[in-house]
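Enquirer: The chain contents come next:
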Amino acid sequence: MRASLAGDAHAYRTLLNRLSANLRAYYKSRLARIGRSATEAEDLTQEALMAIHTRRHTYDPAEALTPWVYAIARYKLIDHLRRTRASMTDLPIEDAEEILAQDDFVGTESANDLTKLLSELPDKMRRAIQAVKLDGLSVVEAASQCGMSESAVKVNVHRGLKALTASIGREKRI
Amino acid sequence: MKTEDLISMLSTNVEPVDHRRVVRNLCLALMAGAAAAVGTVYVVFGPRTDLTTMGSLVPPLLKVAFTLIILVPGSIYLTRLARPGGERKSSVALVALPFLGVMLLVAVSLGFAPTSHWKGRFLGDEWLECLISIPLIAIVPFSVIIWTVRQMAPTNLARTGAFAGLVAGCLSATGYALHCADDTVPFFALWYGGTIALCTYAGWRLGPKLLRW
Chain A
1 MRASLAGDAH AYRTLLNRLS ANLRAYYKSR LARIGRSATE AEDLTQEALM
51 AIHTRRHTYD PAEALTPWVY AIARYKLIDH LRRTRASMTD LPIEDAEEIL
101 AQDDFVGTES ANDLTKLLSE LPDKMRRAIQ AVKLDGLSVV EAASQCGMSE
151 SAVKVNVHRG LKALTASIGR EKRI
Chain B
1 MKTEDLISML STNVEPVDHR RVVRNLCLAL MAGAAAAVGT VYVVFGPRTD
51 LTTMGSLVPP LLKVAFTLII LVPGSIYLTR LARPGGERKS SVALVALPFL
101 GVMLLVAVSL GFAPTSHWKG RFLGDEWLEC LISIPLIAIV PFSVIIWTVR
151 QMAPTNLART GAFAGLVAGC LSATGYALHC ADDTVPFFAL WYGGTIALCT
201 YAGWRLGPKL LRW
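Residue numbers (this note's numbering), protein chains in the order written: chain A, 1 to 174; chain B, 1 to 213.
Pulled out of the complex, with its shape left as it was, chain A reads as follows (with noise of 0.2 Å):
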């Protein structure tokens, strides 16, 4: 965490990787137990996943990295429970088996659809993230394709990625 913190991309690749593993499983154990799918599971893996990334630099770096991944992974699976509550309770009962015989393996998609999200957002910041991170250009080339300063780019990047955040979680809530 702490060579991510600094902007090492493969260190931070790396430590998601194990992460989503760990989230994931979290997840699941604690869904399945109240009978909701893999794919919630997922959402909320993905949901965490993006909410470590965006407020990473409240990570403390002479803390233990575990407490503070499972207290942001907890207060995510409180607000989603909260949130889907009314939603789930009024399913009919014949549906439960459905739920219930969803398959979990490993490659789960989640029920985001990146490219209907970034679809969403402002036409700057939907350019910046493609740029920068969907087609890995550097943030100089970024600039010179869309036409930004740099910083620009950094700017809109960044609050792309809390956009999409936000946007996970209210896509949820319809």
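There's no promise every hint is true.
[What the hints assert, rightly or not] Simulated restraints on C-beta separations: (1) A:135 x B:44: 52 to 60 Å; (2) A:150 x B:100: 35 to 43 Å; (3) A:82 x B:28: 30 to 38 Å; (4) A:135 x B:93: 51 to 59 Å; (5) A:152 x B:105: 55 to 63 Å.
[What the hints assert, rightly or not] Covered stretches of chain B, as calculated for chain A (at least 3 residues, CB under 8 Å): (6) 10-17; (7) 129-136; (8) 151-161.
[As the list claims (entries may be wrong)] With a cut-off of at most 20 Å between alpha-carbon atoms, the simulated EDC-like pairs for lysine to aspartate or glutamate come out as follows: (9) A:124 x B:4; (10) A:154 x A:123; (11) A:162 x B:4; (12) A:154 x B:126; (13) B:89 x A:123; (14) A:162 x B:5.
By construction, these hints were calculated from the structure, which means they are not laboratory data.
In this text the structure is predicted, and so the values were computed from the model without any measurement.
Think of the CB as a built atom: it goes at the ideal place given N, C-alpha and C, for glycine as much as any other residue.
Go by the hints and put chain B onto chain A.
Expert: For chain B alone, coordinates are given in the frame of chain A:
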């Protein structure tokens, strides 16, 4: 969307971040809040005019000391609560101690005064002004603190909100102490302590709504 895709998106061109930002931004928010509180009191009420001798400086300093004793641990806990899992590292008891200490002072000071003077000591001349002003002045510091904490990641929203209210109430009371001419211990214990508690309660109720992320 697959989680691997999300991870590769997040880890591509990752920006370095500064973990000291939490403490630094909160300090800035506190200073801005203090400036707002003192500024409001100075502009609306004007400073006290009766502080001419060294001896007359002691009671107002005592009042400021009282608010600071609550303010300092309150702010330290707020910086902990602003981080995920911080609620495990904060105890409410330590912040309640100054309150108890002052209540003890009140009991002592009342013990020396005859019963017939008690009412005057508690109500003073401007208890209503104090009761209304402190929460009103606290609104600006409270908003600044909440806005700052929203950039962080508190995981116990009610408690974080309560501490934001406590700190804002203390800042406001400190500013108001520069104006208020009622220096008796029972007066400021009851009305300052009471209004700070009121701000804390308001923060506790508002926290879950204002701080969600």
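Enquirer: Against this structure, judge whether each hint is valid.
Expert: Verification of the hints:
Between residue 135 (chain A) and residue 44 (chain B) the CB atoms are about 56 Å apart, so this pair conforms to the stated range of 52 to 60 Å. Hint check: residue 150 (chain A) to residue 100 (chain B), Cβ distance near 55 Å, so the stated range 35 to 43 Å is violated. At about 32 Å, the CB distance of residue 82 (chain A) to residue 28 (chain B) agrees with the hint of 30 to 38 Å. Between residue 135 (chain A) and residue 93 (chain B) the Cβ separation comes to about 54 Å, which falls inside the hinted range of 51 to 59 Å.
Checked against the hint of 55 to 63 Å, the pair residue 152 (chain A) and residue 105 (chain B) passes, with Cβ atoms roughly 57 Å apart. Only when three residues or more bring their CB closer than 8 Å to a CB of chain A does the claim for the stretch 10-17 of chain B stand; here the count is 8, and the claim holds. Counting residues of the stretch 129-136 of chain B whose beta carbon lies closer than 8 Å to any beta carbon of chain A gives 0, which falls below the threshold of three, so the coverage claim is violated. Residue count for the stretch 151-161 of chain B with a Cβ under 8 Å from a Cβ of chain A: 3. That meets the three needed, and the coverage hint holds.
Between residue 124 (chain A) and residue 4 (chain B) the alpha-carbon distance is near 25 Å, which puts this suggested pair outside the 20 Å criterion. Taking the CA atoms of residue 154 (chain A) and residue 123 (chain A), the gap is about 15 Å. The hint holds against a cut of 20 Å. Using a Cα cut-off of 20 Å, the hinted pair residue 162 (chain A) and residue 4 (chain B) holds, with the two alpha carbons roughly 19 Å apart. Under the criterion of a C-alpha separation no larger than 20 Å, the hint pairing residue 154 (chain A) with residue 126 (chain B) is inconsistent with the structure, at around 53 Å.
Proximity of residue 89 (chain B) to residue 123 (chain A) is assessed by CA-CA distance (about 43 Å); at most 20 Å being required, the pair is judged violated. Annotation: proposed proximity of residue 162 (chain A) to residue 5 (chain B) holds, straight-line Cα distance about 17 Å (limit 20 Å).
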